[in-house]
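Construct the entire structure; sequences and hints are all you get.
Heads up: the sequence shown begins at 1 in full-length UniProt numbering, then just goes up one per residue.
Do not take every clue at face value.
[To be verified] Lysine to any residue pairs mimicking SDA-like chemistry, simulated, CA-CA at most 20 angstroms apart:
id, residue 1, residue 2
1, Lys333, Gly466
2, Lys632, Asp510
3, Lys40, Gly76
4, Lys333, Asn356
5, Lys331, Trp470
6, Lys333, Asn469
7, Lys632, Asn469
8, Lys603, Tyr593
9, Lys79, His34
[Stated by the list, open to error] Each pair of labels, with its calculated beta carbon distance range:
id, residue 1, residue 2, range
10, Ser83, Asp423, 35 to 41 angstroms
11, Glu563, Asn523, 35 to 41 angstroms
12, Leu367, Asp423, 46 to 52 angstroms
13, Arg529, Lys576, 17 to 23 angstroms
14, Gly575, Asp423, 47 to 53 angstroms
15, Leu367, Gly76, 38 to 44 angstroms
16, Ala574, Leu367, 26 to 32 angstroms
Hints in this document: simulated from the structure, not taken from any laboratory. Even for Gly, the Cβ is constructed at its ideal location relative to N, Cα and C.
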Amino acid sequence: MTTETPTVPSTEAAVTAPTTAINFLGLDGLPIAHLDVLIKVGEQEYQKTTDADGGLPLLWSWPETPIEISVKRMDGSYKLIDSCTTSSADACWTYTSPAVVLEAKTQLHAGEPGEIEAQIPRFEPEDAGVVSKEPAEPAAPADSEPAVSPSYRDEGRNQPAPIAAATNMAAVPKPVSKKLPDPQRAAAPKTGASAPLATGRNRKGEPVAVYTEKSRDWWGRWLMSTLHLFGLGDVNAAQARPSSPAAKAGGASGKQGASKAAPAAGASSAIATFDTTVAYSGSMSEQVKHLIEIATEQTAYEITGGTHNFLAKEKNGTKKLQDYPVKGSDKAKGYCYAYVKIALMRANVIHTAPGNEAASDAGAELLSRGFMDVTDSVPDPRWAAAGDVIVYAWSAQTLEKERRNDAFAKKVKEYKTQGKKIDFKLADVSPAESNKPNFGHIDIRSYDGYISDHIPPKSVKDPSPGEPNWLRYNPHPRIYRKVYDPMPTLRILAFLRCLREYEGQEEPDDTKRFNMLFAALPNNPGSRRFVSYKTHPWEGNGNSEKGSTAAGAYQILYGTWKEKFDLGLIVVPAGKDKFSPEIQHRIAVMKLYDRGALNFIRKGDIEKAITDTTLPGEWSSLPGGKHNAKRKTAEGKPMDLAYVMGLFNQYLDEEKRKANLK
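Now the structure itself:
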């Protein structure tokens, strides 16, 4: 791809300036070649033509420079399709045409009967997409399609079935795998001006224009083009309107905006339960596993060029994932949103990629694609179901830091370009000099981690899946759900019940364990109960005579509670309780992670969660803890590992029944 440097005067500055790749796709997802485009950057105008891949020469320019993009109509005039500012970081903009160009001549309505209907394509099983019920394979006519390449025939076929709407409770047929379109079959794509149109008359003698080839989406589904142009509510009305052969020229619709919903706190019931607002079907677990496999594999490669560009090339067989540069799965590249969009598309969870640029604005785009916002029913992302998508916004402190760094970098480039001495420091630059968006972050919750363009490790020395840097983001990220596996969350709930059983054995009523004390408070020495959830009961009450400030259902120490709040890991609205049952649940799960047990629990490795971690050092009543030997059941039996495993399985069955799972 060639390059343009419209507003950067020096070679040195051009090398480091942000770049923008601009691509154009047809409604069928294939590149639009030889499209004349007029670009105005600042006060300069450039006329360019797209190459065979639908791309323009790479654009270099100062960040936040006004830019207008227009495409040439058939009559020679230009249509403005976008007016914005250039990005402050490397970006890829892909514009998709909302129309197909069909060339036909106007004919008299009355005429002799014909048989043009015979050229209308008929529905076949593969028109459902990359997956459909296994059909009998009829012998194809010798000249009907190109021969299938050996790589297409031999490659594994493990795509899941298309995703049903989130509220659909109908059973999903067992998927039978099909793969991406064969590169050999995509050798002669047709778009726009080369649309295969036939005209003739039907049996009534009326003139009819027929699109003789099937227009497919990213993953091979045969869709009516109008489904991309109208809302679903408009389709029935559109079908009732008469049509006639006509030539239609359209512009391009590109980057979409989205508004963020206001954050809200999680659930606050004493005994945590799993939310079933989004109906679950058993087949979803396989779809989630497939999504996670795809997302995990992507993290090993450095995907560049943008979401639509990657998907179009993969569909056409011109470039596959393994053709991109290899990188470490723990290495972040700043493309979290692109990676998540690509994974959702490739796993067939969504069928059109969100168009907005900032990950923090992804919520509205996800909702429009069948996701539901379940934030209010999930205490925090640690509890999210496998397959949930989590959207984060930078905190005010992070945004200020990012904008200061951006303003500093731009000023350094400006001084280098003008040959000036750089006599200022980062602290001398104001964040107000930058308009860098709040890009935030987005990831997919897996069984034991978080996946975007990388999988964050627990530490430098521990490569096992870790957590995002929570302190960079607002304390209430949004959680969206469409296809999911509830088992990781149900396992957390069951294990928490085991903890409460071990830590609060003397109180048989589980609901009354949340205000228990290990030692009585100085102001009420006759009771080992506290009466207010407003704060930790040992806040402002000095030291315990027994040496322990453990309190609540999980016997959380005052120091542990204070640490989580001081670090900003838990933030509650003013006037809300700071040691409520919900807060106790959240801190307990945080400690499960800190002790290396949460990932094991989410995956169902309960024995390893106890024996292969330091968990008994946190809760000494557990097997392996210093106080476990004295623990006995009501029947006098030891509360050993076998007992906790039986208890966990019992509680897990109960949680599954509560969630309407068999």
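Evaluated hints:
About 17 angstroms separates the Cα atoms of Lys333 and Gly466, which keeps this hinted pair within 20 angstroms; it holds. Between Lys632 and Asp510 the CA atoms are separated by roughly 18 angstroms; this keeps the pair inside 20 angstroms, and the hint holds. A threshold of 20 angstroms between alpha carbons decides the hint, and for Lys40 with Gly76 the separation of about 17 angstroms falls inside it, so the pair holds. Taken as a hint, the Lys333 and Asn356 pair is honoured in the structure, with Cα atoms around 18 angstroms apart against an allowance of 20 angstroms.
Distance check on the hinted pair: Lys331 and Trp470 sit about 17 angstroms apart at the alpha-carbon level, within 20 angstroms; holds. At most 20 angstroms may separate the alpha-carbon atoms for a hinted pair to count; Lys333 and Asn469 meet this at roughly 15 angstroms. Distance restraint check for Lys632 and Asn469: the Cα-Cα separation of roughly 41 angstroms exceeds the 20 angstroms cut-off, and the hinted pair is therefore not satisfied. Distance hint between Lys603 and Tyr593 is fulfilled; the C-alpha atoms sit about 13 angstroms from each other, no more than 20 angstroms.
For the hint pairing Lys79 with His34, the CA-to-CA distance comes to about 16 angstroms; that is within 20 angstroms, so the pair holds. Taking 35 to 41 angstroms as the suggested C-beta distance range, the pair Ser83 and Asp423 conforms, at roughly 37 angstroms. Distance hint check: the CB atoms of Glu563 and Asn523 are about 24 angstroms apart, inconsistent with the given range 35 to 41 angstroms. Our hint of 46 to 52 angstroms for Leu367 and Asp423 holds, since their Cβ atoms are close to 49 angstroms apart.
The given range of 17 to 23 angstroms is respected by Arg529 and Lys576, whose C-beta atoms sit roughly 22 angstroms from each other. A C-beta distance of roughly 50 angstroms is found between Gly575 and Asp423, which places it inside the suggested range of 47 to 53 angstroms. Between Leu367 and Gly76 the beta carbon distance is about 41 angstroms. The supplied range of 38 to 44 angstroms therefore holds. Taking the beta carbon of each, Ala574 and Leu367 are about 29 angstroms apart, inside 26 to 32 angstroms as hinted.
Checked against the numbered hints given earlier, the structure breaks hints 7, 11 and satisfies all the rest.
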